[in-house]
Amino acid sequence: MEKSWIDLVLEESRYVKRIVARLDVKSNFLIKGVRFEGLRKIGDPASAALKYYEDGIDEIFLMDNVASLYGRNHLGSLLEEVARDVFVPLTVGGGIRNLSDAEELFGLGADKIAINTASFSNPSLITEVANKFGSQAVVGSVQAQRTLGGWECLVEQGRDRTGVSVVERVQQLTNLGAGELLVTSVDNDGVQCGFDAELAEVVVATSTLPVVIGGGCGGIDDVLEMVKIEKLSGLSLASALHFDIVNLGELKAKMKQQHQKPLIEGNFA
Amino acid sequence: MIEDKEQALFGLPEYVKFCTRCVISNQRPNSAVEFKHTKDSKKTTIRFNSEGVCDACLMAEQKNILIDWESREMQLRELCDRYRRDDGAYDCVVPGSGGKDSFYAAHVLRYKYGMNPLTVTWAPNIYTDVGLRNFTHWIQAGFDNELYTPSGLTHRILTRVAVEKLFHPFQAFMFGQKALAPKVAAKYDIPLVFYGENEAEYGNPIEDTSSSQRDWSFFTESNPDDIFLGGASLSELKENFGISGRDLNPYFPADPELIHRKKVEVHYLGYYLKWHPQTAYYYSVKHGNFKAAQERSPGTYSKYNSLDDKIDDFHYYTTFVKFGIGRATYDAAQEIRSGDISREEGVALVRKFDGEYPSRFEKEIFDYLTLNHSQMKISNSALERVVMDRDYFEQLADKFRSPHLWKKVGSTWSLRNPVT
Amino acid sequence: MSVVDHGIGNIGSITNALRVCGYDSTLIRDPDELNDASIVVLPGVGNFGGVMSAIQGAGLHEAIRGHVFEDRPLLGICVGMQVLFQGSTESPDSNGFGFFSGKLNHLSSLDSTKVTPSVGWKELIHVASTDEVSLKEAYFVHSYFAAGIDPADLISSYVWEGHLVPSHVGRGRVQGVQFHPEKSRLEGLRFLHGVLQDISK
Numbered sequence: 000m001e002k003s004w005i006d007l008v009l010e011e012s013r014y015v016k017r018i019v020a021r022l023d024v025k026s027n028f029l030i031k032g033v034r035f036e037g038l039r040k041i042g043d044p045a046s047a048a049l050k051y052y053e054d055g056i057d058e059i060f061l062m063d064n065v066a067s068l069y070g071r072n073h074l075g076s077l078l079e080e081v082a083r084d085v086f087v088p089l090t091v092g093g094g095i096r097n098l099s100d101a102e103e104l105f106g107l108g109a110d111k112i113a114i115n116t117a118s119f120s121n122p123s124l125i126t127e128v129a130n131k132f133g134s135q136a137v138v139g140s141v142q143a144q145r146t147l148g149g150w151e152c153l154v155e156q157g158r159d160r161t162g163v164s165v166v167e168r169v170q171q172l173t174n175l176g177a178g179e180l181l182v183t184s185v186d187n188d189g190v191q192c193g194f195d196a197e198l199a200e201v202v203v204a205t206s207t208l209p210v211v212i213g214g215g216c217g218g219i220d221d222v223l224e225m226v227k228i229e230k231l232s233g234l235s236l237a238s239a240l241h242f243d244i245v246n247l248g249e250l251k252a253k254m255k256q257q258h259q260k261p262l263i264e265g266n267f268a
Numbered sequence: 000m001i002e003d004k005e006q007a008l009f010g011l012p013e014y015v016k017f018c019t020r021c022v023i024s025n026q027r028p029n030s031a032v033e034f035k036h037t038k039d040s041k042k043t044t045i046r047f048n049s050e051g052v053c054d055a056c057l058m059a060e061q062k063n064i065l066i067d068w069e070s071r072e073m074q075l076r077e078l079c080d081r082y083r084r085d086d087g088a089y090d091c092v093v094p095g096s097g098g099k100d101s102f103y104a105a106h107v108l109r110y111k112y113g114m115n116p117l118t119v120t121w122a123p124n125i126y127t128d129v130g131l132r133n134f135t136h137w138i139q140a141g142f143d144n145e146l147y148t149p150s151g152l153t154h155r156i157l158t159r160v161a162v163e164k165l166f167h168p169f170q171a172f173m174f175g176q177k178a179l180a181p182k183v184a185a186k187y188d189i190p191l192v193f194y195g196e197n198e199a200e201y202g203n204p205i206e207d208t209s210s211s212q213r214d215w216s217f218f219t220e221s222n223p224d225d226i227f228l229g230g231a232s233l234s235e236l237k238e239n240f241g242i243s244g245r246d247l248n249p250y251f252p253a254d255p256e257l258i259h260r261k262k263v264e265v266h267y268l269g270y271y272l273k274w275h276p277q278t279a280y281y282y283s284v285k286h287g288n289f290k291a292a293q294e295r296s297p298g299t300y301s302k303y304n305s306l307d308d309k310i311d312d313f314h315y316y317t318t319f320v321k322f323g324i325g326r327a328t329y330d331a332a333q334e335i336r337s338g339d340i341s342r343e344e345g346v347a348l349v350r351k352f353d354g355e356y357p358s359r360f361e362k363e364i365f366d367y368l369t370l371n372h373s374q375m376k377i378s379n380s381a382l383e384r385v386v387m388d389r390d391y392f393e394q395l396a397d398k399f400r401s402p403h404l405w406k407k408v409g410s411t412w413s414l415r416n417p418v419t
Numbered sequence: 000m001s002v003v004d005h006g007i008g009n010i011g012s013i014t015n016a017l018r019v020c021g022y023d024s025t026l027i028r029d030p031d032e033l034n035d036a037s038i039v040v041l042p043g044v045g046n047f048g049g050v051m052s053a054i055q056g057a058g059l060h061e062a063i064r065g066h067v068f069e070d071r072p073l074l075g076i077c078v079g080m081q082v083l084f085q086g087s088t089e090s091p092d093s094n095g096f097g098f099f100s101g102k103l104n105h106l107s108s109l110d111s112t113k114v115t116p117s118v119g120w121k122e123l124i125h126v127a128s129t130d131e132v133s134l135k136e137a138y139f140v141h142s143y144f145a146a147g148i149d150p151a152d153l154i155s156s157y158v159w160e161g162h163l164v165p166s167h168v169g170r171g172r173v174q175g176v177q178f179h180p181e182k183s184r185l186e187g188l189r190f191l192h193g194v195l196q197d198i199s200k
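Chains as they are written, first to last, in numbering that gives the first Met the number 0: chain A, 0 to 268; chain B, 0 to 419; chain C, 0 to 200.
These aren't lab readings, by the way, just hints derived from the structure by calculation. Each hint should be verified, as a subset may be incorrect.
Stated by the list, open to error - Using 30 Å as the maximum straight-line C-alpha spacing, the simulated DSSO-like pairs for lysine-lysine come out as follows:
no., chain 1, residue 1, chain 2, residue 2
1, A, 40, B, 376
2, A, 255, C, 102
3, B, 406, B, 164
4, A, 40, B, 164
5, A, 50, C, 113
6, C, 102, A, 253
7, C, 102, A, 131
8, A, 230, C, 102
9, C, 102, A, 227
10, A, 251, C, 102
11, B, 164, B, 376
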């Protein structure tokens, strides 16, 4: 049966997932660890963000790695700098404790803010921010570590366990008003062994929100594998970008190619 | 500021000072010769230079600036060339537990320098899950391993005695760790032992690092009457704890005559290769699927240091009590020296995590320290209490809290001089 | 170039984008400042009711209406576009400006089994072919869409889960875009520049 052009466009979009660059930042250095440990300084975050933007990244996620140690997010000036030259959505996370933290970051250029640790001790934080700025501006961030029978949520950059299962947490975050979920696999983080597809399947099955999965990308093929998960909204890449393992232009071309339908030009209603 | 001059226990420096570069304080004791350690021992502590910089930081500076690592590596190659065996016999002994550092050492010796190492492990008091897993992966990465597990009875008794007399639960373990490799080397006629890092990297006198070889006094001793284990003399151990000479064999250091005769040389790999614990972590993840712990260790922020033994938690807690230096301080100091974190961050980490009471294995450790096994022969007067519990542990702790470090505010102890 | 600063959302990103387009923005916080405004950009994120109350709270409601009735250019972005309609089921007690007929409904009313909000890069489908550079894809993040609009107002749509949803509307010198041109890369910036030029002719 011939497909209508709407169907074609729709199918096309299913195979093209958002690619998000995750930049972990500490004291103005771009850093990266393995399984959220052994953090190494690897470069300048502002120039990395700019590079990824120029290479065609869809979104950028700036994560303040020492925020919860100092009690606040320090990415303000980096954010301002990046926002001047980078015209794709910017998400900022790390140490966001209250509404005024969020407000400050929105004012400096954040489009979305990501919350993890603080919302365990203060669940109404997500709701407050969502009420004022819209749920689409609030990303529920989850650090998922494998445990017997599933995954457990960690907080404080993978340092502390919460005893809360990821499935339970996904439901909580949805109810609290988050507009999007970013779920990072602690076990695969920085290991470049492939994404945790099982985790992704479970999260998209449990949630009605858009889901971005991260942790473990070791190459374009890893992304193409995940693209098959229809309901998945996006993929987060860190090491794969920082260490030049994935070429963004090539990745985007292959994503479109994979479903083997030409891009539709000039449509009419 | 201390109004009256408070007494400093253990011969520690009376005034507390912090290194201007890292977060270690002048209270940090240098590695002791453990089998001479009694409750009256006076500590020698880390030195600070006239600018207030500690020996370990100065050592790190040398590592980065002065030392010609290329030539050091050449020396390593020459050493390996001299000792390498291609006939299937072991040519060197690498002690370790399968943690990131021993993984790196064994792997690089085998796969880069073509040696045929025998890895040697002195068992932990109580295996952690992650420690056992990493130990297994280490062996699976391609190394023969000899595991020595001392009698559980003796080990528990010595550990408890050390807690009572020295507040040092790790001591019994340390005996084995220090003495085993040379003894195994002598037993099998393997003339070369490679330890990882030199203790001076962490604060022992900097002169110690000028030699690639380990100081013999650390692991050899000629006269058994001069030996104290757990701070108790051999006769006390026999009379009060039913431990005889033959039980103590595994804890005795090597006979220097034997070492000399077999021409066993003990070297620090850290002398030849620039040691960076984080790099060892990355290396062991990549080559051996090393896994850090699932959560940070109590008293620190890190997940990849000293993961093997459940008693580690208490070891660091006791150093916090005795010297005001906990696990976070050790971890942060090392990361500051490697340039991985700033001093400011180190201070924040220490203030946040140092001295956290280790609840996670508390029950298991207290059961371990309770000397109630039917085969134990403890005399009635030996211990104030057979059962170890939180109350008794805190009572003991208080005996080791030096007044120049601690003050009591209400019912809580707090450090007079936390790090700044 | 005037940008309405009602306090909700990331005004920085729109002023940055306008700067690149060659416009030096004045931030408008009270009605007097709007008198001299040549072009007005109305950004907005969050929810319909929140943005409308902020506008009213700042006393800008009448000034904006006045600006439009005097046939002066206005571009609404995201929720800034949504408030140009009559109202939204998101905030039943709030009225929009009503420059365009139609009301905002939640996307789930089209299909409740699909993920909302609609987030990401979507291909635009233009009503009429134009010689100008038309934007191929743009970044969207929204949960409400304009329903019951006058077809003459529709400039482009996109496909959300098999349904056509308005992405760009316009009538006279008033236009609105559901997507974020300031977040849609250089192409988005070029589009923004083009639209602003169009409406100020």
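Exercise. Are the Cα positions of residue 50(A) and residue 113(C) separated by 30 Å at most?
Worked result: This hinted pair is violated, its Cα atoms lying about 34 Å apart.
Exercise. Holds or violated: residue 102(C) with residue 131(A), Cα cutoff 30 Å?
Worked result: Distance ~21 Å between residue 102(C) and residue 131(A) Cα, so the pair holds.
Exercise. Keeping to a limit of 30 Å between CA atoms, is the pair of residue 40(A) and residue 376(B) held or broken?
Worked result: Violated, at roughly 55 Å.
For this session: Take a quick look at whether residue 102(C) and residue 253(A) sit within 30 Å of each other, Cα to Cα.
Result: Distance ~39 Å between residue 102(C) and residue 253(A) Cα, so the pair is violated.
Exercise. Is the Cα-Cα distance between residue 230(A) and residue 102(C) 30 Å or less?
Worked result: Given that 30 Å is the threshold and the Cα spacing comes to 28 Å, the pair holds.
Exercise. Given the hinted pair residue 251(A) and residue 102(C), is their alpha-carbon gap at most 30 Å?
Worked result: violated, 36 Å
Exercise. Between residue 40(A) and residue 164(B), is the straight-line Cα distance small enough, at 30 Å or below?
Worked result: violated, 44 Å
For this session: With a cut-off of 30 Å on the C-alpha distance, tell me whether residue 406(B) and residue 164(B) pass.
Result: It holds: about 22 Å lies between the C-alpha atoms, which stays within 30 Å.
Problem set entry | Hint consistency between residue 255(A) and residue 102(C) [alpha-carbon to alpha-carbon, up to 30 Å] | violated, 35 Å
Exercise. Can the restraint linking residue 164(B) and residue 376(B) be considered satisfied, given a maximum Cα separation of 30 Å?
Worked result: Cα-Cα ~19 Å, so holds.
Exercise. Given the proposed pairing of residue 102(C) with residue 227(A), does the C-alpha separation stay at or below 30 Å?
Worked result: violated, 36 Å
Going down the numbered hints, you'll see the structure goes against 1, 2, 4, 5, 6, 9, 10, while the others check out.
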